[in-house]
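Place chains B, C and D on chain A using the hints.
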Amino acid sequence: MNALNFALAISETVMAIALAPLLLGLVDQCRAWLQNRRGAGLLQPYRTLRKLLKKDAVVAQTASPLFRASPYVQFGAMALATAIIPIFGTHSLLATSADTIALVGLFAIARVFTALAAMDIGTAFGTLGARREMMIGFLSEPALLMVFFTASLITQSTLLPNIVITMTSHELVIYPSLAFAAFAFVMVLLAENARIPIDNPSTHLELTMIHEAMVLEYSARHLALIEWATALKLLNFAAIGLALFLPWGLSAPGDGGLAIAASLLIALAKLALFCAVLALIETMSAKLRIFRAPEFLGTAFLLAVLGLLVHQLLGS
Amino acid sequence: MALWCLLLIPFLGALVLGLFGARRLAPEFNVAFSFSTFVTSLVLTAQVIREGSFLVGREQFFVDPFNVFLVALTAFVGWTTSMFSRPYMRIEEHHGRVNRARLRLYHSMYQLFSFTMLLALLTNNLGILWVAMEAATLTTVLLVSLYRTAASIEAAWKYFILCGVGIAQALFGTILLYFAAEKVLGAEGSTALLWTHLNAIKGQLEPTVLTLAFVFLLVGYGTKVGLAPLHNWLPDAHAEGPTPISAVLSGLLLNVALYAVVRCKVLVEGATQSGLASHLMMGFGLLSVLLAAFFLLRQKDIKRLFGYSSIEHMGIITFAFGMGGPVANFAALLHMTVHSLTKSAIFFTVGHACQKAGTQVMDDIRGLLLVSPTVGWGLLLGTLAILGMPPFGVFTSEFLVITTAMRDQPWATPILLLALAVAFGAIFHRVQSMVFGATDLKPLPHPPALLPVFVHLGLVLMLGIYIPPTLANWYRLAAAMIG
Amino acid sequence: MSLTPLSIILALVLAWFAVGLLGLIAPRNVAWVGRTLFPLGAAMGLAMAVAAVLAIFGATETRILAIGLPDLPMHLRLDALSAFFLALIGVTTTGISLFAAGYFRGGDGTAPGLMGLQYHVFLASMAMVVLADDAFAFMVAWETMALSSYFLVTTQHRVPEVQSAGFLYLLLAHIGAISLLLCFGVLQGGSWQFTFDAMRAADLAPAWASVAFGLALFGFGAKAGLLPLHVWLPEAHPAAPSPVSALMSGVMLKTAIYGMVRVSFDLLPHTQWRWGVVVMVVGGLTGLFGAVFAAVQSDMKRLLAYSSIENIGLIFSGLGLALLFRGMGMGTLSALALAATLYHCLNHAQFKSLLFLVTGSVMHATGERSLGKLGGLLRHMPWVAGMALIGTLAMAGLPPLNGFVSEWLLLQSYLLTPSLPHTLINMLAPLGVAVFALTTALASYVLVKFFGVIFLGQSREPTAPPARDAGLLERAGLIWLAATSVLLGLLPVLVLRALDRVNLELIGSSLGERAATWWSVMPLSSERASYSPLALGIGILVCVALTFLLVRRLYHGRIRLCTPWGCGYPQWTPRMQDTAEGFGQPIRRVFEPFFEVQRQTPTAFDSAPKYRVVVTDRWWGLIYAPIIRLVQMLSRWVSFLQQGNISLYLLYSFATLLTLLAFVL
Amino acid sequence: MLKLSLASQLIHFGAALLLLTAFAMLTQRRVLSLVNLFAWQGLILSVSTAVVAYSSVQHHLYVSAALSLLLKVILLPLILRRLLKRLNVRWDNETLLSVPTTMLVGIVLVVFAFSLAQPIAELSTSIARSTLGIALAVVMLSFLMMITRRKAVSQVIGFLAMENGLFFAATSATYGMPMVVELGVALDVLVGTLILGVFFFQIREQFDSLDLQHLEQLKED
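Chains as they are written, first to last, in the working numbering: chain A, 17 to 332; chain B, 5 to 487; chain C, 297 to 961; chain D, 26 to 246.
In short, the hints are calculated from the structure, not lab data.
Here a beta-carbon is modelled for each residue, glycine too, at the ideal position from N, C-alpha and C.
Among the hints, erroneous ones may be present.
Stated by the list, open to error - Straight-line distance between alpha carbons at most 25 Å, and here's what the computed SDA-like set of lysine to any residue pairs gives: (1) Lys67/A x Ile855/C; (2) Lys304/B x Pro377/B; (3) Lys304/B x Pro762/C; (4) Lys304/B x Ala6/B; (5) Lys187/B x Val88/D; (6) Lys244/D x His433/B; (7) Lys669/C x Pro762/C; (8) Lys304/B x His239/D; (9) Lys244/D x Arg229/D; (10) Lys70/A x Arg849/C; (11) Lys244/D x Arg849/C; (12) Lys187/B x Leu208/D; (13) Lys71/A x Cys858/C; (14) Lys304/B x Pro922/C; (15) Lys244/D x Gln364/B.
As the list claims (entries may be wrong) - Stretch-level coverage of chain B by chain D, calculated; a stretch enters the list once three of its residues show a Cβ under 8 Å from a Cβ in chain D: (16) 139-146; (17) 165-171; (18) 209-221.
As the list claims (entries may be wrong) - Footprint (simulated), chain C over chain A, 3 or more residues, beta carbon under 8 Å: (19) 195-209; (20) 250-263.
Next up, chain A with everything else stripped away, as it sits in the complex:
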């Protein structure tokens, strides 16, 4: 039983890591369809990764070991987060060693290392990117925490599997506080994953870029890791969102093979739906000026806090 669970957890994580770029490809493809373009195909991210992994790396002379280590840390942190978050089942091995707060901490590790690496070379763009990333971070991080707390207050736990189990175990109740939290979460998700309206992952427009500015100096394997970590991050956020707000269909430890297969399919469907919605949002909104970003995130933060307050006021 335990061995099975172990295998299941490992395979879930490995699968998620492998599938993450596909998610990115799907979003891009959906966007292209929505914009009446043909698009580069679902597998474009994999092609990009293969290309990058083939190339010789170019590293600035002024780079320090931190610069080179950072992509590994980013990827490692994201992969670990994937291992913690329930993708299609709540059988994560590390679930009890890191709760939602630690998850936020993990994301923060990735962010801090990205920002530090960006500052390492000492170019104007690198520091600019780092500054903007941290600006996003200092608002989105507490907002994310607040979202988690709303769920935690409802379920009396900060452990993601327990949240999911509690949410699904009783019959459908509409939590007004969760509605606020969901709104806030979507906004945080957009900001954290460098999507429109905060950032545009597909351009290098110097004055508006955030995430791209930080990785300007990276190439080849380092860049590949970073891109992959980005994809993983999107997957992680999607999985978190789905676990919090659409927790149904996740398999529990001890479920039979059929149930697991079903939950896998349900999870894939939910992720596809997520991609479509994300593409829709991105297509329908315009990019904000960089200094509107704090307002956007501030709104997200306040919404999340309101969610908490609403929970306190109305009770569960």
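For chains B, C and D alone, kept in the frame of chain A given last:
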């Protein structure tokens, strides 16, 4: 016997130095006389500790723990000040501020001043007490005007007139006291002014008369203590006289004047039982503390600054004596001791600092720590001590005063603490900028005597963390005596 | 005298004194003072930590010394709370003293020997503060601590700013002390015994208890740097030599926390929940304020000073929570909040000292404190940078380091507030947790700025000679503190077991043995929340290592070095990197109303364009300036009394006489 | 009402004269006349002391009377006159308050002093008991004079007049203080006057005049 010697030595000293004070070795003689006075006072103290209070000279002189403690303190500070004054006055002579003839006057008056203070402390006769206080004023007037500059003459004039008038009120008070006592004791044998007798029959004295008498006595001796608003002579006299004199004025004369007030308070409170005297003292004390604190903020002259600080501390002591009771009196006596020691130590350092800088204006004094670490550290530590920073003894007594005030007079506590905070800011800001910083001052022609400074501060430090049981018992006895 | 922990600790305190005095033998001899005495002091610190840890698990000890007031000899008491703080002092000072051994050199400031005396008196007085068991002993130790640290702050007294910083510090410390004195006066509650035992026994009316609590909050808040009494902190910390800043920020501020805990949990047995609300609100605001201000600083030590204010805010908000729970009679929850608070004290002591020491090394290497002139030191000072990175990550609250553990515990306690039976608090708690979260997030912003601007990028002053890495002793100090930061993060069980003793003593309830195992922390129940730092740490390491190995296997390209690309801009100088001001700019814009900003922007036609921005604290103008004006006005009025006219003076005497006569008539 | 003895009538008469001189001093602007008034005051004091001594058979009061005669009628006026001559002081040209105002204030003070002394005088056994109020009034008037005068010399005369008032109080309320005290007081007064005399010269040397307005440099600003 020790008592006679105690009075005789400074008197003789005044005579001898009056004749030979212009000689080169006069400062050393001054030290020698002061030292023998101190030794004698120790003998007397030992005698009191051994035998308890006693009367001498047809009851005209009286020694009890209260005054013998002040006698010892006075003799000690008198001695250390004379040690300080030795190089200090030499440097003043070197700078041409005084000549030999003035030095003779200085030394002679210094001893005479000691004599008058000791007389005031030791006498049992309230009339003699008055005479001695007046005489102390007269001798110090001459000392304050020693430099014969416009400012020093002005200061001395104000000192003389204000204290003279003030003390005249005290005489009226004494007359009223005599008047009341004479009705009980009779005029024969002239015992009606002897404190011991008065104290014995204080319950029978006429309350109305004593109340009136106390008003006059308080205003009179209070002027000399420097209680606001009677204090106006004090900063001037402290600022313009030679620094050793500022040191003894602050450290000793104010104490002696306060001693007179307290002696009278004991009688009056005994007679009236109304607490009026206590309340008056508390009121004056608080007012002095408060006013002095705000005055401190505007000072430019360093000696004036510490003059006001003396007003503040006299206010605290007066307040404490006003509250009365074993703890408050204990605290007041302790505060008298530590204030005398600390303030005179400060004046010692201030004196040398001013000599180095050639000015008393604080804005022109900088970087004492660099030019002379001992002076700088002495001033800095002394200031911190006087501001009531632990582990120095001033904190100990202030702690006792404040905690007692919280119990007995809670309304007064915030005022007291506010004043202490303001005073802290005012004084420390000034002193810090004098002690710190860079400077181009030069060393002095004679090596300064800073041993007294550190001896005083060491004693104050000791009193801050450990009061020897003997001393504590002694204070307790005196405190009980004051009631 | 048997060899109890208390006697060992007392002996160590005396030994610190002695070490300090020994420095006066040859005050200018760096080898003697630095290489001999300071390491000796460090060893004593370690010994103290060991003795204190033993004492936490031992019985409470009391002793009466033969010094002090005649009626109130100094009482000492070593219980779990004081032992915990002694351990904190011991552990932290070990690192700081080691560093200081290499740091202090001859120079134009105070002689090293004298500084050694002040330093060790400072240490000894902090230990005595924690041991004191009566008001007098406490006040003496407390003020001695203020005084000795004041002297240490003003070491470089030739600099005018240092003077004013020192003055402000001592003034506020003194005002705080006055408030504490008043507080003790209220606490004794009519017994007029000033021992803490009497205060514990005193039965105060609730209103008086609140007054005492308010006074304590003011007094200890002034020392800790609570809003709005924080003004001295950003001045004094930069002025002091770095080991001293480390000591003040890392250790001395904690004595204020100790005092607060002692008064509010021990001396005031009947907690009122309203106190908790007040403390929580003040703490939360302080935290946010500190973080926001830290983000816009351009002096590295000021930045850290504001960050200390931030952490103090967090600690106080946790303390508020603990009081709140206690006031509501929820022992276990209160125990959790208190444990989290004290844990954060310990953590903050480690990483903040570490970072202050780092600034010391940086200043020694470059002579610069301004972030605008630093940069790229990672290449020249790998050791310092490495340790700084650990400190930075710890303070930014990243798992699995120590900052995260205590913040995690604090957040867990916040999540328990819905169980409180009070609507207002239930509404306040979400706001509290929001502010808390925002503050911690801002902290990572601040620390990215701190580390990035100093150690990463290129030197912003390219002409400066290359910096040298820290010496051996300095390195040892840094490593010690970094190691404690990591250990405290990975093995919270060590601390939580000790803190449970404190909880039992102060609150009467505890988290229990099950709350923390070697493997993981489960403060209340394993369903509710758990965190396993070891697992997470190993997980991160494994993931990163696996990634590394896999990429190595998959990847076949080589590495080429070239000039940075920078979007292909042809002209590129290190001065084009973000400055500290630039990095703080988003925060400045977002939190505009917090600041008073003076900006000097160039126009397009300036021949020598200059951009300058000065950010100042509004509190000064709001509170301090009016007070100063009021006092000055009063003193001006008072000085009208003294016009130099003798007739007037006589009139005063006369009027006094007549008034008094009329009064008694 | 009790019929007063001759002695007591005499003393009352002296007291009234004393009060009169005090008022006269308050209004007098010429410094030399002030000295004369002071001498007269001393004489009255000395005579009334002698009367008290005679009527109460207190022999030591004769000594007091003689002492005050010597000191206050002969020695001090002599010294003062000499000083004035040497210093060339004539007029105390301005007072702070106008003379009528000063008088008014003086009258108020007298009323105050009387009412203050009333309860005490009741207790007195001395034949001169009702004069205590007058003594207090003299003290207060002298105080007022010191406040209103601008010249150093007149201030000193005010001081000495105050001393007279005190002396009178001592003899009227009781039969004089113990001898040793009286001697001490007299010595102090004498030495004080001498020192003040020295001061006059120093002040003149420094400021070229005896105006007190020069002595207003030490103050807070």
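Do the hints match the structure? See the list:
| no. | hint | verdict |
| --- | --- | --- |
| 1 | Lys67/A x Ile855/C | 16 Å, holds |
| 2 | Lys304/B x Pro377/B | 23 Å, holds |
| 3 | Lys304/B x Pro762/C | 48 Å, violated |
| 4 | Lys304/B x Ala6/B | 45 Å, violated |
| 5 | Lys187/B x Val88/D | 23 Å, holds |
| 6 | Lys244/D x His433/B | 21 Å, holds |
| 7 | Lys669/C x Pro762/C | 13 Å, holds |
| 8 | Lys304/B x His239/D | 21 Å, holds |
| 9 | Lys244/D x Arg229/D | 21 Å, holds |
| 10 | Lys70/A x Arg849/C | 12 Å, holds |
| 11 | Lys244/D x Arg849/C | 89 Å, violated |
| 12 | Lys187/B x Leu208/D | 23 Å, holds |
| 13 | Lys71/A x Cys858/C | 15 Å, holds |
| 14 | Lys304/B x Pro922/C | 23 Å, holds |
| 15 | Lys244/D x Gln364/B | 15 Å, holds |
| 16 | 139-146 | holds (count 4) |
| 17 | 165-171 | holds (count 3) |
| 18 | 209-221 | holds (count 4) |
| 19 | 195-209 | violated (count 0) |
| 20 | 250-263 | violated (count 0) |
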